[in-house]
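Colleague: Chains as they are written, first to last, in the numbering used here: chain A, 54 to 363; chain B, 60 to 467; chain C, 10 to 254.
Derived from the structure by calculation, the hints contain no laboratory data.
Predicted model only: the values in this text are computed from it and were never measured.
It cannot be assumed that every hint is accurate.
[Said to hold, decoys possible] A few chain C residues that don't get close to chain B, going by computed Cβ distances all over 12 Å: (1) Tyr-30; (2) Glu-34; (3) Thr-46; (4) Thr-65; (5) Glu-152; (6) Ser-162; (7) Ala-208; (8) Gln-227; (9) Arg-236; (10) Arg-242; (11) Ser-243.
[Said to hold, decoys possible] Derived list of chain B stretches under chain A, where covered just means 3 residues or more per stretch with a C-beta under 8 Å from a C-beta of chain A: (12) 85 to 98; (13) 343 to 351; (14) 394 to 407.
[Unchecked claim] Listed below are several chain A residues computed to face chain B (Cβ distance under 7 Å; list not exhaustive): (15) Phe-228; (16) Val-230; (17) Asp-232; (18) Arg-233; (19) Ala-237; (20) Ile-243; (21) Ala-245; (22) Phe-249; (23) Arg-261; (24) Ile-300; (25) Trp-302.
A virtual CB, placed ideally from N, CA and C, is assigned to each residue, including glycine.
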Amino acid sequence: MTRLPKTREAIRRLAVALCATVGVVAWQPLPAQSAPGPVIGAPRDPLVPGRRPPLVRGIAVDERLASDAGVQVGDTLRLSAEAGTVGEPVVVSALVRRAADPSEVARSEYRVRLHLDHLQRLTGSADRVDRFAVAINAEAGPAAVDSFLAGVNHVAFGFRAHASRDVAVQSSRTFQVVDRFHRAIGGITIVASAVFLLCILLLKVEERRRAVAALRLAGLSRRTVALSVIAEAAVVAVLGSAAGAAIGWVATLLVNAHYQRVFRTPLTFALLTPRIALFAVALSLLLGIVAGSLAAWRLVRTPPLTLLGR
Amino acid sequence: MRATLAWAALRRHPMRTLLAVFGLAIAAALLLDMVMLATGMRASFRSLLTSQGYQLRVTPKGTLPFDTEASVGGAAALVASLRSHPDVARVSPSLGTTVQAQRGEQAVSAFALGTNADVQGEYTLLAGREPSMPADSTIREAIVNATFLTRLGVSLGDTVDLSTERSAQLRQSGRRGRVVIVGEARFLYVPPGLPALSTPLGALQHFLGTSGRDRMSLAMASVRVDGLDAAAQRDRIERVRLWIETEHSRVTAISTETAIVQVEERLAYFRQLAFILGALSLVIGVLLVTTLVSLSVNERLGELAVLRAIGVPRAGVLQQIMLEGLMLGLAGITIGLGLGLVTARWLNTILRDFPGLPADLDFFVWSGEAAWKSLAMLLIAATFAGAIPAWRASRVRVAQALREEAVA
Amino acid sequence: MKPINGTSDVLLDARDVKREYRAGESTVHALRGVSLTITRGEFVAIVGASGSGKSTLLHLLGAVDAPDVGSVTFEGRDISHLSDAEATRLRLLRVGLVFQRFYLMPTLSALENVMLPMAEAGIAPAARRARAEELLRYVGLGERTGHRPTQLSGGEQQRVAVARALANQPALLLADEPTGELDAATGAALIALLQRLNADGLTCVLVTHDAALAQSAQRVITMRDGRIVHDTRSDTAPTAGDIAP
Ligand SMILES: Nc1ncnc2c1ncn2[C@@H]1O[C@H](COP(=O)(O)OP(=O)(O)OP(=O)(O)O)[C@@H](O)[C@H]1O
Ligand SMILES: [Mg+2]
């Protein structure tokens with residue numbers, strides 16, 4: 054199937070980048086009347102390797118395809134590598150759920166899983182594979198991986214070996230980009246909300262100018278007045294951000310519920326970690342103190358009569 | 060006079076006003092960015108799809124253009140059949156595959172596109188000329204993209220070896236050929252980092268041997284729509300589309316509109332993010348203006364009562380205070396416009412780094428109408444944010460407020 | 010600068026006017042039935058102890074407030090049941106108000122403060138500027154037109170307030186303790202200004218604690234506990250010269 058790894062990879066990422074649309078493994082359910090067709094061989098467990106291939110091969114079907122096409126375990130489908138051809142009958146022997154893998158998000162195409170020999174025969178690509186996965190003895194340590202790679206690539210003739218971690222880095226580029234985007238948006242939002250908080254807190258303190266004037270006239274020192282103003286702003290900021298964190302937590306629940314439904318994945322989309330909550334509270338505390346100090350500085354430097362009279 | 064009063068009220072507390080304007084500017088920038096994001100990808104994708112005038116894309120059944128390496132056989136007959144439809148003006152078949160390109164020690168794997176220069180809608184020629192179809196079988200001429208040139212260290216006029224196998228080291232099997240680079244092109248749908256080359260369709264089919272014989276991955280069809288209004292155009296395209304799908308069971312025909320709708324579905328995340336953040340920035344803007352104007356109104360209740368006492372009508376007070384919101388909004392939006400464009404450009408460069416995206420696809424696209432609408436919305440919101448405190452101020456009981464002012 | 014003369018001699022007529030304020034359980038009877046007729050060209054001083062209802066009465070006369078019971082007729086028109094818009098229009102065009110604390114717009118210059126009511130009345134910018142400058146010259150502030158209220162003394166501010174009250178050529182000038190915040194000399198100058206206006210034909214009604222100001226009036230109305238207890242006219246109207254310092 055995959056003789057074009059670069060293009061395919063590019064296109065897969067295009068999809069992950071939410072920019073292409075559905076691709077379908079050619080599949081065609083048989084007409085309804087033949088749906089509960091005869092089950093031959095060992096339909097419940099034909100994917101266990103090493104067994105003799107049954108007459109009608111079993112396939113595993115993606116949960117999504119199953120629910121969208123109304124396919125159940127035991128149903129007989131026709132499977133072909135070429136659209137428009139009749140294909141061969143196969144029996145659905147298992148339903149599979151996709152892993153909570155971010156790279157699976159937004160891949161809305163359906164999948165079926167076949168035995169290697171089955172797929173090779175079906176697609177006419179006898180004895181061909183896209184890749185081998187090789188496990189190195191765990192005791193050998195990470196250095197063994199490198200020496201194995203070097204050894205393989207030295208004699209490689211028509212293929213190349215990569216360490217899984219390098220592949221992971223390569224294939225996570227999409228998520229790095231999304232991550233960078235989220236960070237950028239997050240940065241902008243933080244700046245925006247910081248300015249917003251600063252504005253609101255300053256205005257709220259300004260609102261108290263008459264009270265401050267009264268305190269000053271009553272003989273309280275600038276220090277005391279300033280401290281009380283700052284303390285008030287800080288308390289308001291902390292209470293506000295705590296309430297905000299609570300709202301945020303509810304929002305993560307809604308966001309997760311929504312996107313898990315939309316993308317049909319168990320993946321967690323939004324996560325409120327204690328660190329994030331702490332960051333929010335600390336940031337607003339800081340802003341509260343800054344705003345309070347600014348306002349207090351302005352208020353205590355203005356003569357109380359000016360504050361009152363205007 | 061009301062403008063003078065409003066302006067004077069804002070100038071009375073410059074620090075406050077500046078902060079509010081800055082806050083509004085950020086809200087406006089965020090709103091603008093989010094509108095650009097929400098509408099931009101769609102617009103960008105649309106212009107990408109429609110740039111060459113093809114409204115229909117015909118692919119192996121159930122696939123999207125080049126989404127898999129699926130191809131259909133009997134390409135020539137299929138194309139002939141499409142061309143026979145009276146409403147079809149042009150058909151451009153193409154075949155995509157990956158080849159190994161080598162020159163000296165340098166080797167890269169490149170996307171090879173077989174297409175016919177006279178009808179192709181895949182690339183625009185930047186330099187050199189279109190490749191010609193060789194009389195015999197092997198590929199003779201190709202055009203390539205800039206990445207191909209730099210990655211392989213070649214230039215126009217150079218000769219490059221091609222093979223179908225992943226590694227050119229493999230000698231026994233695989234098809235081999237040799238091409239002269241006759242032109243440089245920008246490939247519309249190929250990611251900028253991917254080396255690409257294009258040859259005439261027949262040449263590529265032949266080069267691939269049995270696996271390429273009379274096959275294509277995609278045919279783009281242009282439907283005659285001259286002189287039709289939008290609805291009639293859509294109708295005719297849809298009729299042709301249905302005709303193709305009923306006539307040829309092995310293929311799927313997708314109209315540009317459908318493709319865009321499907322893209323929209325995939326873009327839901329960005330649109331929703333944009334919607335939420337946009338709404339949030341609107342709320343922020345409104346809250347800011349409301350707080351500021353409320354405070355300023357509370358401070359000035361006496362003054363406003365005096366205005367009412369000397370004969371300024373309720374509407375006058377209302378107008379004056381809403382004018383303050385409007386002025387704040389205008390200032391904030393003006394600054395926010397610049398700020399938004401700068402951040403949009405920055406965010407766009409971040410997202411353009413997505414591996415595998417066509418070079419011409421943008422996430423943030425400036426659209427005068429969208430920007431105008433969103434900023435007008437913010438402006439109206441800011442103006443009406445002042446309305447609640449303004450309304451309260453305009454309802455002030457004059458005699459009562461005069462007394463209170465005397466006490467204060 | 011002669012105010013327009015109406016056909017009738019009676020400018021203002023209050024008939025058995027009552028006004029009470031309810032504050033929670035208790036009710037304050039600010040006016041317990043006041044009747045009063047003011048003819049054109051009169052200079053009336055309302056005096057009385059604090060809390061006797063002077064300001065309340067003045068507000069009713071100027072359509073700032075409405076009576077609970079009774080009627081107030083101004084230029085032959087019942088103004089005790091006006092809509093807010095009508096009352097506002099009346100105050101704008103026919104009544105000039107001067108307050109103890111001046112109440113100028115702090116953000117506007119003297120000239121702009123005087124132009125403000127004219128702008129509201131829809132007078133063309135050039136005309137309103139010319140008239141505002143003329144009024145400020147009339148009150149002796151021709152050189153200070155560009156100054157903000159904070160840059161003016163109390164007496165100067167009050168004169169700007171008088172100029173503002175005159176902006177739309179009202180038939181009636183109402184002043185609530187106009188000299189209350191001024192020292193004796195400045196107060197006297199203001200009284201002289203008001204007398205000059207009255208001599209030009211403007212009807213003036215002032216509330217005052219200021220004995221000098223009360224003496225300068227042709228007619229002094231004394232209030233106590235929400236009622237008029239004395240209403241005395243001095244037949245020989247004092248001239249501006251008599252009370253000038
Ligand atoms: N809003 C109100 N609520 C309750 N009582 C009020 C209110 N306004 C005025 N009063 C009362 O009405 C009475 C008359 O008040 P008014 O202001 O007319 O007195 P005044 O003669 O102007 O006094 P002063 O010379 O001190 O200005 C007073 O007893 C006052 O307490
Ligand atoms: Mg009073």
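Colleague: Please go over all the hints and tell whether each is borne out by the structure.
Modeller: Taking the hints in turn, this is what the structure says about them:
1. Tyr-30: 9 Å, violated
2. Glu-34: Nearest chain B Cβ is 19 Å from C:Glu-34, so the label holds.
3. Thr-46: 23 Å, holds
4. Thr-65: 8 Å, violated
5. Glu-152: 22 Å, holds
6. Ser-162: 20 Å, holds
7. Ala-208: C:Ala-208 is indeed farther than 12 Å from all Cβ atoms of chain B, at 24 Å.
8. Gln-227: Since the minimum Cβ distance to chain B is about 26 Å, C:Gln-227 lies beyond 12 Å and the statement holds.
9. Arg-236: Non-interface label on C:Arg-236 holds, nearest chain B Cβ at 20 Å vs cutoff 12 Å.
10. Arg-242: 29 Å, holds
11. Ser-243: 30 Å, holds
12. 85 to 98: holds (count 5)
13. 343 to 351: Contact hint for the segment 343 to 351 of chain B vs chain A: holds, 5 residues under 8 Å.
14. 394 to 407: With 3 residues close enough to chain A, the hint holds.
15. Phe-228: 10 Å, violated
16. Val-230: 5 Å, holds
17. Asp-232: 10 Å, violated
18. Arg-233: This hint holds: A:Arg-233 lies near chain B, its Cβ roughly 5 Å from the closest one there, short of 7 Å.
19. Ala-237: 6 Å, holds
20. Ile-243: Constraint on A:Ile-243 not satisfied, violated at 11 Å.
21. Ala-245: For A:Ala-245, the interface hint holds, since the closest Cβ of chain B sits about 4 Å away, which is under 7 Å.
22. Phe-249: 5 Å, holds
23. Arg-261: Not OK, violated: A:Arg-261 not within 7 Å of chain B, min 10 Å.
24. Ile-300: 12 Å, violated
25. Trp-302: 16 Å, violated
Hint compliance for this structure: hints 1, 4, 15, 17, 20, 23, 24 and 25 are not met, and every other hint is.
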